[in-house]
Each structure stands twice: as C-alpha cells, then as structure tokens.
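Heads up: the protein sequence lines correspond to chains A and B, in order. Under our numbering, the first residue of the first sequence carries the number 1, and numbering increases by one thereafter. Under our numbering, the first residue of the second sequence carries the number 99, and numbering increases by one thereafter.
Since the hints were derived computationally from the structure, they do not count as laboratory data. From the three backbone atoms N, C-alpha and C, an ideal C-beta is built for every residue, glycine too. Warning: the hint list may mix true and false statements.
[To be verified] Covered stretches of chain B, as calculated for chain A (at least 3 residues, CB under 8 Å):
no.	region
1	143–150
2	175–181
3	202–215
[Unchecked claim] Far from chain A, some chain B residues (derived; all Cβ distances over 10 Å):
no.	residue
4	SER111
5	GLN153
6	GLN163
7	ALA166
8	LYS167
9	LYS192
[As the list claims (entries may be wrong)] Listed next, with one range per pair, are the computed distances between beta-carbon atoms:
no.	chain 1	residue 1	chain 2	residue 2	range
10	A	ASP25	B	GLU127	30 to 36 Å
11	B	ALA198	A	ASN82	29 to 35 Å
12	A	GLU77	B	GLN168	28 to 34 Å
13	A	LEU23	B	ALA128	24 to 30 Å
14	A	SER69	B	ALA178	40 to 46 Å
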Amino acid sequence: MTLHLLNKSPQSMSLYSNMLASLSDNDSILLIEDGAYGALSAHNKIFKSLPDTVSLFVLRADTEARGLSERVSALFEVIDDNQFVELTCQNVKVVSWY
Amino acid sequence: MKFSLVVHSSPISQQSAATAFRFAKTALEAGHEIFRVFYYGDGVLVANSQIAPPQDEINLPEMWQALAKQYDIDLVVCIAAAVKRGVLDDNEAKRYEKDAANLAAGFELSGLGQLAEAIALSDRVITFGA
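Take the sequences, apply the hints, and build the full model.
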C-alpha cells in the first residue's frame, strides 16, 4: 500500500503518466496544491481506467483556495489536513511526484 | 507515528514549503512525532535570518522556529545547498571569508548523513517537492 502525492496540474501530463504507470492495487492517490486541478470532472479520463482498489483523494484547502469545490469529480474524496496525516499513517510508503 | 519531512521547495515562491509546515503542525497536534525536518535545494532559504517577508504574508522561517521550539524538532539544513545559496553559519562564514553569518536560530547546517539517519529512524518520510 503506497500513497502517491502529486502537486502539479494535468498540464504536467508526463508526471501523471509516470505515476499511473507505477501504481499497484490498493494504492492511494492524493492530489495537493496545483494537483487539485486534476480532480476536476473535466479530467476524469486520466483516472477512469484505474482498478477499483485504487482510492482517489484531493486536499480540501487546495480545492477551496482555487475555487474548485463545486467542480470536483465524484471519483475523488475531498479530505482535510488531518485525514492527509491519517493517510500517510495507513499507507506503508509515501511517494511524492513533483 | 514518527515522521521526518524533506522540504525541497523555496519558502518564497512555492506553495509546497507552506504545505510541509501545515502537515507538520497537523501531525504534531494529532499526537505524532516529527523526528527531523531536512531542508534541501531551494528549501534551505527558509533558514536565512535576513529574510523579511511583508507583514501581510506568512513568515515560514518564524513559523518553523516557533514550532521547533514548542515540540523540540530537529531542523537540519543541507550544508552544501545552503552555502551555495548564501546561508552560512559562523564556521562557514569564516571558512569562505564572508562578512557575516546569517543562519537563523533553531536551524543547523549538516550533511546528507542526517537525511539518511532520519530515513532509517523514522516510520514515515514525506517529501515536499518543488
């Protein structure tokens, strides 16, 4: 179980491709900072082919700061800073993509 | 859980430096331990005591100093990255014959061995990239 942190918008598409290529079952993805743009419904196709065991999260503070709260895809769960810390505890490894 | 953090991002221009601080504060308030914060690359600029952010902007150097004091956290700055960017303690200022040292109180210049040790001794290492 690995948590993948990604902090760039989908403009950095190769970053997303590299992360997706390295995913295993039961991994989680947390989009932070400009990564919050990746959680827009408009970008659903990036994540659509993932297995159901992969969980998708986006950080609340970063979606709110960018005015995206109403537009986050249903594929994502919006979490606060405390849940961010909990996710890093639940997963054995934490990998940052930046 | 025992955490260490690696901060690569500049406190002046990159959000990730602030995210690292928020993560540290949240983890500590939830009862976790931060063993060490290792500043690397442009992240070392946080230890420049001459930084004077405008009043209405966050002051990450002061925020880290206060947090480290309250929770007894080791704030380690990569010495090679720091000297290259003009962040010097007394020893390095003398060694390079510079006018003054400017390493902020509460921070310490050291090498990658401190990062390796943090990785070995922590349950989780979280990297905050540029």
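Check on LYS167(B) being off the interface with chain A, judged by Cβ distance over 10 Å: Consistent with the label, LYS167(B) stays out of reach of chain A, its closest Cβ about 21 Å off (over 10 Å).
Between ASP25(A) and GLU127(B), does the C-beta distance stay in 30 to 36 Å? Since ASP25(A) and GLU127(B) have Cβ atoms about 33 Å apart, the given range 30 to 36 Å holds.
Checking the smallest CB distance to chain A, is SER111(B) really beyond 10 Å? holds (13 Å)
Was ALA166(B) rightly flagged as not at the interface, with every chain A Cβ beyond 10 Å? At about 18 Å from chain A, ALA166(B) clears the 10 Å cut-off, so the statement holds.
Check, residue by residue, whether the region 143–150 of chain B contains three or more positions whose beta-carbon lies closer than 8 Å to a beta-carbon of chain A, and give the verdict. Violated: only 0 residues of the region 143–150 of chain B have a Cβ under 8 Å from chain A.
Residues of the region 175–181 of chain B with Cβ under 8 Å from chain A, three needed, outcome: Since 0 is below three, the answer is violated.
10 Å cut-off, C-beta based - GLN153(B) kept clear of every residue in chain A: Holds, because the least Cβ-Cβ distance between GLN153(B) and chain A comes to about 21 Å, which exceeds 10 Å.
Between ALA198(B) and ASN82(A), is the Cβ distance one that fits in 29 to 35 Å? violated (42 Å)
Beyond 10 Å from every chain A Cβ - status for LYS192(B): holds (36 Å)
Coverage claim, chain A over the region 202–215 of chain B, checked by counting residues with Cβ within 8 Å (three needed): violated (count 0)
Evaluate the given range 24 to 30 Å for the C-beta pair formed by LEU23(A) and ALA128(B). About 27 Å separates the Cβ atoms of LEU23(A) and ALA128(B), which means 24 to 30 Å holds.
Confirm or reject the claim that SER69(A) and ALA178(B) have a C-beta distance inside 40 to 46 Å. Because 42 Å falls inside the window, the suggested range holds.
Violated hints, in rising order: 1, 2, 3 and 11; the structure is consistent with all others.
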